[in-house]
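> The lines below spell out each chain.
Protein chains: 2
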Amino acid sequence: MAMQCSSFNFGVECTDQAARCGRFQTAHGAVDTPIFMPVGTQATVKAMSPEVLKMVGSQIVLSNTYHLHMRPGEDLIAALGGLHAFMAWDGPILTDSGGYQVFSLAKLMKISDDGIRFASHLDGSRHLLTPEKAIEIQEVLGSDIMMCLDECVAHPSTREYVETSVKRTSLWAQRCLSARKSRNALFGIIQGGVYPDLRIQSAAEITSLGFDGIAVGGLSVGEGHDMMMDVLDVTVPHIPAEKPRYLMGVGTPKDIVEAVWRGVDMFDCVLPTRNARNGMLFTRNGRITLKQARYKQEQAPPDEHCSCYTCRNFSLAYLRHLYISREILGSILNTIHNLHFYLELMSDIRHSIKEKRFDTLRKQVKEMYDD
Amino acid sequence: MAMQCSSFNFGVECTDQAARCGRFQTAHGAVDTPIFMPVGTQATVKAMSPEVLKMVGSQIVLSNTYHLHMRPGEDLIAALGGLHAFMAWDGPILTDSGGYQVFSLAKLMKISDDGIRFASHLDGSRHLLTPEKAIEIQEVLGSDIMMCLDECVAHPSTREYVETSVKRTSLWAQRCLSARKSRNALFGIIQGGVYPDLRIQSAAEITSLGFDGIAVGGLSVGEGHDMMMDVLDVTVPHIPAEKPRYLMGVGTPKDIVEAVWRGVDMFDCVLPTRNARNGMLFTRNGRITLKQARYKQEQAPPDEHCSCYTCRNFSLAYLRHLYISREILGSILNTIHNLHFYLELMSDIRHSIKEKRFDTLRKQVKEMYDD
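The listed protein sequences correspond, in order, to chains A and B.
Heads up, the first sequence is in my numbering, so the first residue is 962 and it goes up one at a time.
Heads up, the second sequence is in my numbering, so the first residue is 962 and it goes up one at a time.
Keep in mind that the hints were calculated from the coordinates and are not lab data.
One or more hints might be untrue.
Since copy identity is lost for identical chains, a pair holds within one copy or between any two.
[What the hints assert, rightly or not] Calculated lysine-lysine pairs in the DSS-like style (CA-CA distance at most 30 Å, straight line):
(1) Lys-1068 - Lys-1215
(2) Lys-1252 - Lys-1068
(3) Lys-1327 - Lys-1204
(4) Lys-1257 - Lys-1094
(5) Lys-1317 - Lys-1007
(6) Lys-1068 - Lys-1317
(7) Lys-1315 - Lys-1094
(8) Lys-1215 - Lys-1094
(9) Lys-1252 - Lys-1317
(10) Lys-1142 - Lys-1094
(11) Lys-1257 - Lys-1068
(12) Lys-1257 - Lys-1317
(13) Lys-1327 - Lys-1215
(14) Lys-1068 - Lys-1204
(15) Lys-1327 - Lys-1252
(16) Lys-1315 - Lys-1257
(17) Lys-1142 - Lys-1257
(18) Lys-1257 - Lys-1007
(19) Lys-1015 - Lys-1204
(20) Lys-1324 - Lys-1128
(21) Lys-1007 - Lys-1252
(22) Lys-1252 - Lys-1215
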């Protein structure tokens, strides 16, 4: 189906039951899996310079096609040397298809097998996003890993509607593959809501098409942790072991270890960065909400055993002061800590898989983050 | 008058006509003058980590006593090891007295020779700021250079009112000196509005008291560049050459070179940091307003000859995108550039004074920034 083979390759290096350690190679460098991808919606991970992103251990970032298409537009970015040059990030970039943001942000006009008609959330201008257009935009941006346009249905949705969307997602997946002109990697996306047989059907159809990687979409949309895991339980075994598996838009530390336990390799989520700006910190001892008065005079850093810039230099009292005073530095320092936490968690996960002790780490993380 | 001598010392190392190069020593390190002090109002220079502040060349920062007294309070800061430890800035810190912010931000209740009664801009709570209290707060904060409480009058003010305020400022200056219990440096402040004889009278009174440095206050309050220079022309010659001279709250690049030309050694201003957040960049080729459509596709950085992190990595098109998209990284990158510009300007000024060619630099800067 694909017009060209991509330069992408992935290999599993070791396993611990279903959990795997691997590595994939892109034109902008290699990435060790399981990996978390910080979200850089508008060609910037909020409050982070590329230098600081590297410092906290980021190997790859995700950027949002919908946002970049709306502003400043992929042609402008291409004229400036592509997305990597534009945002001065020389590591790998994964872009989504734009579909999810059209569903969640834009004013939806009409969805059909042709594509999605919508009005921009910025200026109301009307657009049509087709599978071909989604690929074209991502190729113009110069993404290392492109995602297929899919239909992400709300939860709950009727079985009938999910059936239609699974069919449409498969149709669009083929059109995306056919539309690819570059050697950029392209991942297919499995849909199917919370219906086991539809997930299995979608997995069969998507994995048959020859994608570089396979994503599980349509989760973390309100179905809850347990149902998410149920869906992974039925879906992941139907994804060939030699393909990287990407759980889109997930999640909490608990979601991540449980998904890795089921064989997932890649994650992205706004949680560490958004929560940082809202004064919430992830630590090995659980969550910290800076608003709480208990931190007013707290001389200790968020985590005394954390080696991040924030924990090495600042007290909770200072971080609380910055948060209460709405200082930009608060967002910066909290984001540094939370991304460092997430990326170190992934590093710990990789090490524990290599040493066949991932189950212990998984249980520790679950205990710490029961919600 | 002073209860103790401070550990502060200053020496002029060379001159170029009235302009001087010098160096002062504090408990937290030495500072080369002429110097610009980035403003860290709420115990943070907005959008800058201490690490980045160092990277852009900051030698000393200013923090605002009024803001810190209101929130989180000097006692909390002291309990956390003082202002340096609290904000993780190990270089020198100058604090103002809090008076100016009481005049400009708080709801003023009453000013008398006793002090200033006011209501907090945060919660309306009532406070009395006296000369003794201003020193006490600054000592509790652990400031390296403290400022006297003075009365900064509006422009224009009647001669009669300015006379009263000059008298009060001298009275308060003596009380501040008497109140000092620490070895922290203490600077007196000359007032006198735009009345030459009152400036001379204030200079005579303040310089007679044995301060570690002398500030010129009550300028940059709407009188304009030319009148500001007129006031410096009559005032600076009355400040002993062996004292550092600090022009408070100033200013534009043009203000700074003209004030250095008249013998001023120290400056602080929110201009580079505030303008950065508003999308305005200072460059050797003049000002850049990122909002302008002309930068939409501009591949060049703000200044191709600038060595700052921002100019080494990002295009004007990207900075414009961040500004238009209200991204925090825009504030960070613009602040890095503007502070680097200001601090490099000060470095250029020092070198040109040493090489007796400051007048040429001054004229270049004036030509570039005629407003």
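> Are the hints correct? Go through all of them and say.
Verification of the hints:
| no. | hint | verdict |
| --- | --- | --- |
| 1 | Lys-1068 - Lys-1215 | neither (33 Å within a copy, 50 Å between copies) |
| 2 | Lys-1252 - Lys-1068 | between (34 Å within a copy, 27 Å between copies) |
| 3 | Lys-1327 - Lys-1204 | within (27 Å within a copy, 63 Å between copies) |
| 4 | Lys-1257 - Lys-1094 | between (51 Å within a copy, 24 Å between copies) |
| 5 | Lys-1317 - Lys-1007 | neither (35 Å within a copy, 46 Å between copies) |
| 6 | Lys-1068 - Lys-1317 | neither (48 Å within a copy, 65 Å between copies) |
| 7 | Lys-1315 - Lys-1094 | neither (41 Å within a copy, 62 Å between copies) |
| 8 | Lys-1215 - Lys-1094 | neither (36 Å within a copy, 51 Å between copies) |
| 9 | Lys-1252 - Lys-1317 | neither (39 Å within a copy, 55 Å between copies) |
| 10 | Lys-1142 - Lys-1094 | within (12 Å within a copy, 72 Å between copies) |
| 11 | Lys-1257 - Lys-1068 | between (43 Å within a copy, 26 Å between copies) |
| 12 | Lys-1257 - Lys-1317 | neither (42 Å within a copy, 52 Å between copies) |
| 13 | Lys-1327 - Lys-1215 | within (5 Å within a copy, 60 Å between copies) |
| 14 | Lys-1068 - Lys-1204 | neither (35 Å within a copy, 65 Å between copies) |
| 15 | Lys-1327 - Lys-1252 | within (25 Å within a copy, 47 Å between copies) |
| 16 | Lys-1315 - Lys-1257 | neither (41 Å within a copy, 48 Å between copies) |
| 17 | Lys-1142 - Lys-1257 | between (56 Å within a copy, 28 Å between copies) |
| 18 | Lys-1257 - Lys-1007 | both (26 Å within a copy, 21 Å between copies) |
| 19 | Lys-1015 - Lys-1204 | within (26 Å within a copy, 45 Å between copies) |
| 20 | Lys-1324 - Lys-1128 | neither (38 Å within a copy, 72 Å between copies) |
| 21 | Lys-1007 - Lys-1252 | both (21 Å within a copy, 20 Å between copies) |
| 22 | Lys-1252 - Lys-1215 | within (24 Å within a copy, 43 Å between copies) |
Hint violations for this structure: numbers 1, 5, 6, 7, 8, 9, 12, 14, 16, 20, all remaining hints satisfied.
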